[in-house]
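2 protein chains.
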Amino acid sequence: MRPHLVDNLLVVGMGLMGGSILKAAREAGVAKMRLGLDKDPETMRKSLAMGLIQEGFTPAEPLPPGKTLIILATHLDSFREIVEELLPLLTRDTVVTDVGSVKGPVVEELTSLLGDRGIPFVGGHPIAGTEKSGVEHSLKDLFVGARVILTPIQETPRRALELVHSFWEALGTRVEEMDPHYHDTVFAAISHLPHAVTYALVKAMGDAEKDLGDLLRYSGGGFRDFTRIAASNPHMWREIFRLNRDQILIFMRRFHATSKEIERLLEKEAWDTLEAIMEEARWLRRGLD
Amino acid sequence: MRPHLVDNLLVVGMGLMGGSILKAAREAGVAKMRLGLDKDPETMRKSLAMGLIQEGFTPAEPLPPGKTLIILATHLDSFREIVEELLPLLTRDTVVTDVGSVKGPVVEELTSLLGDRGIPFVGGHPIAGTEKSGVEHSLKDLFVGARVILTPIQETPRRALELVHSFWEALGTRVEEMDPHYHDTVFAAISHLPHAVTYALVKAMGDAEKDLGDLLRYSGGGFRDFTRIAASNPHMWREIFRLNRDQILIFMRRFHATSKEIERLLEKEAWDTLEAIMEEARWLRRGLD
Chain A
1 MRPHLVDNLL VVGMGLMGGS ILKAAREAGV AKMRLGLDKD PETMRKSLAM
51 GLIQEGFTPA EPLPPGKTLI ILATHLDSFR EIVEELLPLL TRDTVVTDVG
101 SVKGPVVEEL TSLLGDRGIP FVGGHPIAGT EKSGVEHSLK DLFVGARVIL
151 TPIQETPRRA LELVHSFWEA LGTRVEEMDP HYHDTVFAAI SHLPHAVTYA
201 LVKAMGDAEK DLGDLLRYSG GGFRDFTRIA ASNPHMWREI FRLNRDQILI
251 FMRRFHATSK EIERLLEKEA WDTLEAIMEE ARWLRRGLD
Chain B
1001 MRPHLVDNLL VVGMGLMGGS ILKAAREAGV AKMRLGLDKD PETMRKSLAM
1051 GLIQEGFTPA EPLPPGKTLI ILATHLDSFR EIVEELLPLL TRDTVVTDVG
1101 SVKGPVVEEL TSLLGDRGIP FVGGHPIAGT EKSGVEHSLK DLFVGARVIL
1151 TPIQETPRRA LELVHSFWEA LGTRVEEMDP HYHDTVFAAI SHLPHAVTYA
1201 LVKAMGDAEK DLGDLLRYSG GGFRDFTRIA ASNPHMWREI FRLNRDQILI
1251 FMRRFHATSK EIERLLEKEA WDTLEAIMEE ARWLRRGLD
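Taken in sequence, the protein lines are chains A and B.
Residues in the first sequence are numbered consecutively from 1, following this note's numbering.
Residues in the second sequence are numbered consecutively from 1001, following this note's numbering.
Simulated from the structure, these hints should not be mistaken for lab results.
The beta carbon of each residue, even a glycine, is placed where N, CA and C say it ideally should be.
Hints may contain errors.
[Unchecked claim] Derived BS3-like pairs: lysine-lysine, alpha-carbon spacing no greater than 25 Å straight-line:
#, chain 1, residue 1, chain 2, residue 2
1, A, Lys210, B, Lys1260
2, A, Lys67, A, Lys32
3, A, Lys260, B, Lys1260
4, B, Lys1046, B, Lys1140
5, A, Lys260, B, Lys1268
6, A, Lys260, B, Lys1140
7, B, Lys1046, A, Lys268
8, A, Lys46, A, Lys32
[As the list claims (entries may be wrong)] Residues from chain B that face chain A, not an exhaustive set, calculated with beta carbons under 10 Å:
#, residue
9, Leu1090
10, Ser1191
11, His1195
12, Val1197
13, Leu1201
14, Lys1260
[To be verified] Computed spacing ranges between beta-carbons, pair by pair:
#, chain 1, residue 1, chain 2, residue 2, range
15, A, Thr273, B, Glu1084, 23 to 31 Å
16, A, Glu155, B, Leu1139, 51 to 59 Å
17, A, Lys268, B, Arg1092, 26 to 34 Å
18, B, Asp1214, A, Asp77, 29 to 37 Å
19, A, Arg217, B, Glu1162, 20 to 28 Å
20, A, Arg158, B, His1235, 50 to 58 Å
21, B, Glu1084, A, Arg286, 55 to 63 Å
Bound-form chain A, shown alone (with noise of 0.2 Å):
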């Protein structure tokens, strides 16, 4: 048998990701012991039942001993709370990370709470959900063929990225490193403003249609296509909203000039030049594909 990767590995939060997480280590036969830790006693009890995990977990209890790979993957208001809690357990096997979806401000506090009690935080982030919520929603291949970004600072010990980084890809990820203000910057353009300007489109058209009734039961795939991420849990959208605000909003006032101007060229009728724009706009997404 290969050897486990780490002893035990504690999942803080088992909705979506963290089920996957759990099922996807289980496949890849990355720890020992999986250890799971929710707020809600049912998910605890669905977690166990579903085998995702082999033990609940408390903090009123001791971690059991070895290695240890805690990985936070609730939303991310509650992660300071957490370690607070779990701090007075750990020990200098431990290593902690998380999957958040904004890294700038939550590196910086987790490293510095941690690592005053001289426990290792890696900042991480895999590229990959879906818009349901809950252990339920699991898919052990959630993760295989993802992308994760890892975000160390200087004062992140390299042994616990390596750890880290071994573990993603045990479960199949593509693993990449970047600065994680780089990474903020990055994630508000690409995830955080289509976010934002879905809900926009979705809410004007739920306005829209208290005006003018039925319009959105002729939708077809575009449009379901379009505003599925729509669908994805607010709370979670709320933190990232708030923890990267700056960097969206720059974004944001962005959007908002160049969509002002296809507005004003509309107005216009200036179609020669909604012409260009369209062609350069699908030339740089097929870059993407």
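Chain A is fixed; fit chain B onto it per the hints.
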């Protein structure tokens, strides 16, 4: 053998749509003779070689005798010219329909132009397509299960409407009828505006890359799915924007008001209000699945 629905099917414009109609019509055996007309001789040759059409067609020759269905599948801006060119060849045994994404002005213009000669026109809009163009990307299953909207008006002869209805049903679609102007309102909201917004988003990101360097190479499935429609044909969209400008502007102004409101809420850090808007959008969006 099942009797053919028509003697001749003439598709004008053999791109993705026209080619897919011909493939589906061949499968369904709806026409004795499949004819095609395209301004590009290479497309004519390909369509013959692929067996999509049995014969090419030029307006210099007469149409074969019998019941004929003509489907206009070119860009919207060439409909008038094509109909004027074909007009001398058409008999009262001909029905003309189209697949354009804007209906109000098209139905008015072609009903009057053809009606002067006693030839019926039925406006049609199959809700299907991909971001690809060209006969080589045509798909025999493009329309299976798709919705087709027909937009008869008072002048539309019932017999012609029934023929076009039967044609699309034979291709496996679900047919509904709608007022052409109402069609344009609905599609401004659920299709044309989302396309305009996506073009704006991709352009804004492209401009940001010029200032900030590599952003889009990190884009995961989310951005790629969201922006796929920006790879659509610019000339087709120019014509849609031109012909449905007023309706699109109405929804674009609504969208900008909502989206600027979201920008202001981010600036004010009004997280509860933002979360409530996202809850509402999720609720609306889920209703579409």
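Now the hints, each set against the structure:
no.: 1; hint: A/Lys210 to B/Lys1260; result: 20 Å, holds
no.: 2; hint: A/Lys67 to A/Lys32; result: 10 Å, holds
no.: 3; hint: A/Lys260 to B/Lys1260; result: 11 Å, holds
no.: 4; hint: B/Lys1046 to B/Lys1140; result: 16 Å, holds
no.: 5; hint: A/Lys260 to B/Lys1268; result: 22 Å, holds
no.: 6; hint: A/Lys260 to B/Lys1140; result: 40 Å, violated
no.: 7; hint: B/Lys1046 to A/Lys268; result: 40 Å, violated
no.: 8; hint: A/Lys46 to A/Lys32; result: 20 Å, holds
no.: 9; hint: Leu1090; result: 31 Å, violated
no.: 10; hint: Ser1191; result: 6 Å, holds
no.: 11; hint: His1195; result: 8 Å, holds
no.: 12; hint: Val1197; result: 6 Å, holds
no.: 13; hint: Leu1201; result: 6 Å, holds
no.: 14; hint: Lys1260; result: 7 Å, holds
no.: 15; hint: A/Thr273 to B/Glu1084: 23 to 31 Å; result: 29 Å, holds
no.: 16; hint: A/Glu155 to B/Leu1139: 51 to 59 Å; result: 54 Å, holds
no.: 17; hint: A/Lys268 to B/Arg1092: 26 to 34 Å; result: 44 Å, violated
no.: 18; hint: B/Asp1214 to A/Asp77: 29 to 37 Å; result: 30 Å, holds
no.: 19; hint: A/Arg217 to B/Glu1162: 20 to 28 Å; result: 25 Å, holds
no.: 20; hint: A/Arg158 to B/His1235: 50 to 58 Å; result: 54 Å, holds
no.: 21; hint: B/Glu1084 to A/Arg286: 55 to 63 Å; result: 36 Å, violated
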